[in-house]
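If you want the building blocks of each chain, they are given just below.
2 protein chains.
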Amino acid sequence: MKLFSFWRSLATYRVRIALNLKGLVPEEVIDVNLMKGQQREDAFRKVNPMMAIPALIDGEGPALFESLAIIEYIDEVHPHPPLLPLDPKARARVRGLAQIVAADSHPLIVPRVREYLAHEFKIDEAGILKWAQHWHRTALTALEAHLQDDSTGRYCQGDQITVADICLATQAAGAGFFKIDLAAFPTVKRIVDTCMQNDAFARAHPLKQPGAPASV
Amino acid sequence: MKLFSFWRSLATYRVRIALNLKGLVPEEVIDVNLMKGQQREDAFRKVNPMMAIPALIDGEGPALFESLAIIEYIDEVHPHPPLLPLDPKARARVRGLAQIVAADSHPLIVPRVREYLAHEFKIDEAGILKWAQHWHRTALTALEAHLQDDSTGRYCQGDQITVADICLATQAAGAGFFKIDLAAFPTVKRIVDTCMQNDAFARAHPLKQPGAPASV
Numbered sequence: 001m002k003l004f005s006f007w008r009s010l011a012t013y014r015v016r017i018a019l020n021l022k023g024l025v026p027e028e029v030i031d032v033n034l035m036k037g038q039q040r041e042d043a044f045r046k047v048n049p050m051m052a053i054p055a056l057i058d059g060e061g062p063a064l065f066e067s068l069a070i071i072e073y074i075d076e077v078h079p080h081p082p083l084l085p086l087d088p089k090a091r092a093r094v095r096g097l098a099q100i101v102a103a104d105s106h107p108l109i110v111p112r113v114r115e116y117l118a119h120e121f122k123i124d125e126a127g128i129l130k131w132a133q134h135w136h137r138t139a140l141t142a143l144e145a146h147l148q149d150d151s152t153g154r155y156c157q158g159d160q161i162t163v164a165d166i167c168l169a170t171q172a173a174g175a176g177f178f179k180i181d182l183a184a185f186p187t188v189k190r191i192v193d194t195c196m197q198n199d200a201f202a203r204a205h206p207l208k209q210p211g212a213p214a215s216v
Numbered sequence: 001m002k003l004f005s006f007w008r009s010l011a012t013y014r015v016r017i018a019l020n021l022k023g024l025v026p027e028e029v030i031d032v033n034l035m036k037g038q039q040r041e042d043a044f045r046k047v048n049p050m051m052a053i054p055a056l057i058d059g060e061g062p063a064l065f066e067s068l069a070i071i072e073y074i075d076e077v078h079p080h081p082p083l084l085p086l087d088p089k090a091r092a093r094v095r096g097l098a099q100i101v102a103a104d105s106h107p108l109i110v111p112r113v114r115e116y117l118a119h120e121f122k123i124d125e126a127g128i129l130k131w132a133q134h135w136h137r138t139a140l141t142a143l144e145a146h147l148q149d150d151s152t153g154r155y156c157q158g159d160q161i162t163v164a165d166i167c168l169a170t171q172a173a174g175a176g177f178f179k180i181d182l183a184a185f186p187t188v189k190r191i192v193d194t195c196m197q198n199d200a201f202a203r204a205h206p207l208k209q210p211g212a213p214a215s216v
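Top line first, the protein sequences correspond to chains A and B. Residues in the first sequence are numbered consecutively from 1, following this note's numbering. Residues in the second sequence are numbered consecutively from 1, following this note's numbering.
Next comes chain A alone, as it looks inside the complex (with noise of 0.2 angstroms):
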């Protein structure tokens, strides 16, 4: 396998974490740095025409993409351990929070929304800081409501890991990055805090990787 990265990428952090949790190591892992816009190179444009990372490839090609996309052809491929439960409607409820951090969420503050922000409406950096914040904490307060359901336990969906713990996690990274204060979301906070003590989540953090500064 070849993972196309960078180490700030919330979507490419969220698909580290299932590598980890299924034990698959990529062979390669390819530097993609969004802040030097190398995602809008030709190189990587055929790769991937959305200019967003993660891709990866698996053997022959072609490349896949989207994190929540690569995840579910990770668990289909590799099945053990489960990242999805089994069943239909807890299936749904664990996918569901899923895309609230990476459709509702996450695309909203990714560098490409940022720069057009800042080059086409002239907005200042307080005000992209606010913009970010802002819907970070409209999909972290929605968490924070769907949590207090009865199918949460130690984790999102019982006491096994799914694809919303590891959506949880990169929201919570990314809540760090644009100085957002967990402890009002205190069942987002447990969880993510109990997804951190696991070697998977804690390895693929954004601050672990190659080229990472010490703190954001």
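Just to be clear, a hint being listed does not mean it is correct.
Repeated chains share a single entry, so a pair holds when one copy, or any two copies, can fit it.
List time: in silico DSS-like cross-link candidates among lysine-lysine, alpha-carbon distance up to 25 angstroms [stated by the list, open to error]:
1) Lys189 <-> Lys130
2) Lys89 <-> Lys22
3) Lys189 <-> Lys46
4) Lys2 <-> Lys89
5) Lys179 <-> Lys2
6) Lys22 <-> Lys122
7) Lys46 <-> Lys179
These aren't lab readings, by the way, just hints derived from the structure by calculation.
The hints should help you fit chain B onto chain A, whose structure is shown.
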């Protein structure tokens, strides 16, 4: 089944198509008027804390949320006709294409985001239209590039209708709302035109729903 819906919601349009393809008819369709902010009222916030539609209650509940999670649920519980191919890489491609729409593009143009741009950043209508067109076109450009590969057939993935086609049709409807000509995206247009000949797609269209205007 109870479907929480609004005529203009592209995410609900996706679920309507899936239900139609499976021959399922919800006993109740509950209107949540996004233009009047009904998604933020207490009654609906209890159904979906993210304050977004669609939501679907099947039997005892609880409410399922996030369009792609709902569609995969429908597909798992009612497997015929399937909305995903069998091969894992093909499934990943289909889910990836669907997520370009449902994660990378659509979340940027939903009412709550347009309202934030208008109220917090004082962006005028022309600016918001340009924003919506930009993210629509970014996704359409990536989709058109992906659809050049050999996996594409009559539909996005071979000759079988999948969740990628469902998402493509809703992206095309959004392009209509935001005055984007699909002529620049000929493969997208060809596949959407094919889909729209199918009654399951055609009668799910936003402009065919109760409360919709004759055109936008």
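Going down the list of hints, with the structure as the test:
| no. | hint | in the structure |
| --- | --- | --- |
| 1 | Lys189 <-> Lys130 | within (21 angstroms within a copy, 38 angstroms between copies) |
| 2 | Lys89 <-> Lys22 | both (24 angstroms within a copy, 18 angstroms between copies) |
| 3 | Lys189 <-> Lys46 | between (39 angstroms within a copy, 22 angstroms between copies) |
| 4 | Lys2 <-> Lys89 | between (33 angstroms within a copy, 15 angstroms between copies) |
| 5 | Lys179 <-> Lys2 | neither (32 angstroms within a copy, 39 angstroms between copies) |
| 6 | Lys22 <-> Lys122 | neither (44 angstroms within a copy, 47 angstroms between copies) |
| 7 | Lys46 <-> Lys179 | neither (35 angstroms within a copy, 28 angstroms between copies) |
This entry does not satisfy hints 5, 6, 7, going by the numbered hints stated previously.
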